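Student: Using the sequences plus the hints, can you model the full thing?
So the protein lines, in turn, are chains S and V. The opening position of the first sequence corresponds to residue 77 in the numbering used here, with each subsequent residue numbered one higher. The opening position of the second sequence corresponds to residue 3 in the numbering used here, with each subsequent residue numbered one higher.
Think of the hints as simulated: they come from the structure by calculation, not from any bench. Computed from a predicted structure; not experimentally measured. Any given hint could be a false lead.
[As the list claims (entries may be wrong)] Below are the DMTMM-like pairs computed for lysine to aspartate or glutamate, each with C-alpha atoms no more than 20 Å apart in a straight line:
no. : chain 1 : residue 1 : chain 2 : residue 2
1   : V       : Lys-342   : S       : Asp-115
2   : V       : Lys-482   : S       : Glu-800
3   : V       : Lys-102   : V       : Glu-520
4   : V       : Lys-283   : V       : Asp-170
5   : V       : Lys-8     : S       : Asp-644
6   : V       : Lys-482   : S       : Glu-797
7   : V       : Lys-102   : V       : Asp-151
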Amino acid sequence: MNDISQSPERRQIAPGGRRSLLPSTEQRERLRKRRAFKDHFSRYGIGIAGVGVVAALAMIFVYLFSEVAPMFRSASVDPQASYSVPGVETDDALVHLSLERYNQLGTSFSQRGNVTFFETDDGAIRTQFELPIPEDATTSAVATGVANANAVAYGFDNGQVSLGVLEYALSYPDNQRHIEPDLALPLGDGPITLDEQGRAIEVLGVQVSDRGTYIAGATEDGELLLASFERNENLMTGEVTLEQDTVTLPAFDGEPRHILIDGRFRHLYVADDGGRIHHYDIGNLNSVDYLGAVQVTDQGQVTKMAYLNGTVSLIAGTSDGQVRQYFPVRQSGGQHSLEHVRDFSRYQGAITHIEPEYNRRGFLVGDDQGYLGIHHATAGQDVFHRQMVEGPLSRVAVSPVNSMALIVDENAQLQRAEVRNHHPDISLSSLWGKVWYEGRSEPRYIWQSTASTDEFEPKMSLMPLTIGTLKAAFYAMLFATPLALMGAVYTAYFMSPRLRGKVKPTIEIMEALPTVILGFLAGLWLAPFVEGSLPAVFSVLLLMPLAMLAFAYAWSRLPERVRRLAPDGWEAVLLVPVILLVGWFCVAMSPHLEIWLFDGNMRQWLTDIGIVYDQRNALVVGIAMGFAVIPTIFSIAEDAVFNVPRHLTQGSLALGATRWQTVLGVVLPTASPGMFSAVMMGFGRAVGETMIVLMATGNSPIMNFNLFEGMRTLSANIAVELTETAVGSSHFRVLFLAALVLLAMTFVVNTLAEIIRQRLRKRYSSL
Amino acid sequence: MKQWYKSGAPWIWLNAGAVAISVIMVLGLIGLIAVRGLSHFWPAEIVEFQVGDPELGLGTMVVGEHVRSQTIPVQVARDAGISVPPELGEGDLVTRHLIKQGNRDVTGRDFAWYPELQMSQWQTPPDAMVLERREWGDFFGYPLRLLEDGEVVAEGEGLWDELQARIDRGNELFREIRRIERRDVGVISERMEELRLQQRGLQRDPDIAPEALADALDRIESEGASLQDEFQVLREELDVLRRASQRDVLVASVAGGEEVEINVGEIVRAVQPNSLSLGGKVAAYVQQFWAFVSDEPREANTAGGIFPAIFGTVTMVLLMSLIVSPFGVLAAIYLREYAKQGPLLRLIRISVYNLAGVPSIVYGVFGLGFFVYTLGGSIDELFYADRLPSPTFGSPALIWASLTLALLTLPVVIVSTEEGLARIPSSVRQGSLALGATKSETLWKVVVPLATPAMMTGMILAIARAAGEVAPLMLVGVVKLAPTLPVDGSFPFVHLDRQIMHLGFHIYDVGFQSPNVEAARPLVYATALVLVILIIVLNMTAISIRNRLRERYRAASD
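Tutor: Structure follows, in structure tokens:
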């Protein structure tokens, strides 16, 4: 439109020689088209942008869900290739099978001591080694150490043993990964004699760690021998000497079937033929203690027994299909006793194999009907259970990164299977229920997500964090709600308009204050102050209302003339000096009060009567976070009260009610939904607040409501831990879940509050 | 009394008390920050006193600034392991003073509590001085003489002026050294890195002919060698400057009378507060405050200024507003003007409004997972594959911080803009349509201009919120110490992939992660003050714009 009047040169000469001021038809046509185009362009442009923005915001939900969802996906095992186990002749037998971390090479150990590395793709043999086997002897027992030590021990019928350790050298010629496998013999090139009398080793147990090597064996006549080996390398000559120390363990009634030794060389377990596990304390080889036995099953025996990662928990499988977890628990006397911790779902057939995973508390189980199961100990979860082969499943190997499994049936036919099992350690019960963690005496809620070693059992219970969040929010609301609601009623209903115009923005400014500032003041100023003047804090709570009432009464007794000086609606201003005075008085009296009532030191006094006191505690958080939510509650509640239609209150006053009666009888009932929604909004803010709790508490994930102890909240936990965790790990996803819980919680609370408010607005307009 | 109670007056007074307490808390908090933050720069008097050991009857001299005092019951003091004269009983109180005595390199601790009971009278010797140093914190003591290459050049009367002149020279040299280290050496190392990447890319390229590869490698090597030469020249230049800055030495005595030699090149500023006039103090105050705002931090952020933090905050917020304003405004216009009004839209609107109340850390989690790892990781794979595995955009960075905050503040802008659009009287709109304007013409030429102040309000509120937000930034791009600013003279000038410093995070970091909390505390208060002022000013502006706007429409709708 503008361009028509502004461009005179476009004017046409109309017939008759007069200049027409109107554009020609085709010009108008063009103009109309251009305007229609602009209109459309703007409509669709804005539409796309608007929908895009809404979609982007919705994506927060979608994305968080997509990060959390894989945790609850069940595991899968897909067979991909099948070939007979390489390196094992038909008259030989497979005794152990393993995989390296790139899933490129598998290793088979045969009865005759052949160690064969093969390509997992097609079973082609890469290299073969031979374990040292004494002449004229045959293998009578085989044992493996903890999964990531890659150690395999052979016991022979002449009382000797051999130990081999798999080693992989990585190199990158031509930017291609090349793995060179090797078989190391840490105990020397020849076999080592375990039994001097030359009896056959029927059962063998081995453990290799950086502290040394332990080998235990049961001879054919049932004697238990335990040998510790220590390698000493002479720094000058480079000569390696091996120190062997062999002891005989106390005997028990029954025949040994399996032996396990833990990685710290403190415990040794022997399963016998009567379904029992016998427990030895081998911390001191000179005086080995027999600590008793636990009955795993009444019908049958323990057919397989294996240590989980960390060598604390042992899993026992029985001939009647039970899979049970045990670990030693320290009793009050300082002695350990083996405790039954949990059971996993029962199998139809006898358990033939238990294969622990390398870096977490998971394990694979095979039974004699060809079923393969995958379980996780901490989560108490059965993530997979399916028949994989016909007939008994004789052996399973799992990759160190849990992405591949080799499954062998009774005919030595091997199946290579892809495993997808990323988060067996997370289940609803492990997140929200009590879990019996290793080394604890009972099931508990614990959050302790990381430690320095791989052997650590992550403890990821969201309960302490949720309780901490609620605790922080509860104390904050306890402090904020009365102040904010009472303040709102006064400001909206009693306060003089001129004062209200000043007070309301002042309190609303509070809302904009960065919480990092509140947090830092709480942590660096308020916490030491509260600690130093505890009596002041409590005496203020007590004295402040009393002093206000006393002043109010005194004021009402004053002559009319004086009272006229301050008009109605200025009470708050009159109270300011009173509050300051009381505050100063309490702080000044604090040390004296401490001397009179609390033996000179209130903090010590609290500790003496059994209350734990942290400097950064729930009291400090309550005050600081209360401060942060006061403006939220105040501003919404004030709106609700202020918008109560005037004719209602005026009607009430006209009928003779006092101002306070009007508030109680008319204003509050009408505005209460609004005030409720204000409190909910405040709660929503308190639940999600991060910086204040991060800075004003000690961030220890504890489960109680003690006012003088700290807490760790969901939000602070995310802030502390998210940047330090591995992307895609269970811990990472649990933190995302925490974020999703926060999001959902605040979203629901806020939505409810918003709906209540909209209803209220409608009601006001109809009144 | 009973009647008074029945009238409900006590309740009204209690309610009034609640308001009064709230207001006192707000003002008290701002006052606390202001007083603590501002007083730090005031050249405080240096006091000197003797602390007697009651058992030996001997005294130690203490020279320093008085920080604060505390009165506590004897029992508390004893429980805390503070030595209290045994003659004091349970019911007595003791007062103690925290003295900043500096000289961390001499005494080991720069803050110490001294009980009042064992103190002699406080003196304020006029020649006591405080030196701000680049390392080891402040120095308190008395100047004795100035040495140049070991020869005494000034002593007694002219010493102070000579010292000031030489400190200026030292600062000049320091700036020169820093300029070379930062800019020139930085440019060279950047080019070296580029060459290294080129080389790696070439070696990995399977299609390249061997001769061409050899040629290219030769070229890279010769370029590398010439860069090495340039670097050598700079290093020599730096050595000369460093030697020059070590020429002058100040000999000073500390509290005990011991003589200490201080390299003048290490001194940032020297003040004798006890002999300063009021005007001099004001000048020193202004100078120190300016240094705080314009300098870089020193000593693990516990000394020096906060310029990079201010700069980082401002850059990030500006970038954020560039992103958030068009999208926020368009979304609001869409919701208000174009979308079909109905239950679905109401649901969407409530959801969008509620996103403003979602905890900010959730946005941080989203930002880290989606922007940094997913989006940034893909960008790296597509465009910066040479540099992998070291991430370019796949790690926390300025752009991700801005994007995350844009998402966080989007609801604020939408709500405010919608409110503004809703306030425009329908008569205005209908008038425009009645004159034949299309919907978009009405929108862009009538409605939007009228709603501009509302959009401004939304933007300002968004900026105020973004400036104060810390929790999400800890995840997506803020660091305690960024070696470089996000904007500088080298191409492409605004470095979106760099990490930044931020005022809010600076407060958290210095206050809670710093090894020397007592020394850092005043700086935290000062930083908090800068942030609070920034945010209050922004909010006040927004509120006043909104109020004026309301007046305007009240007039328009009448």
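Student: Of all the hints given earlier, name the ones this structure violates by number, lowest first.
Tutor: 7
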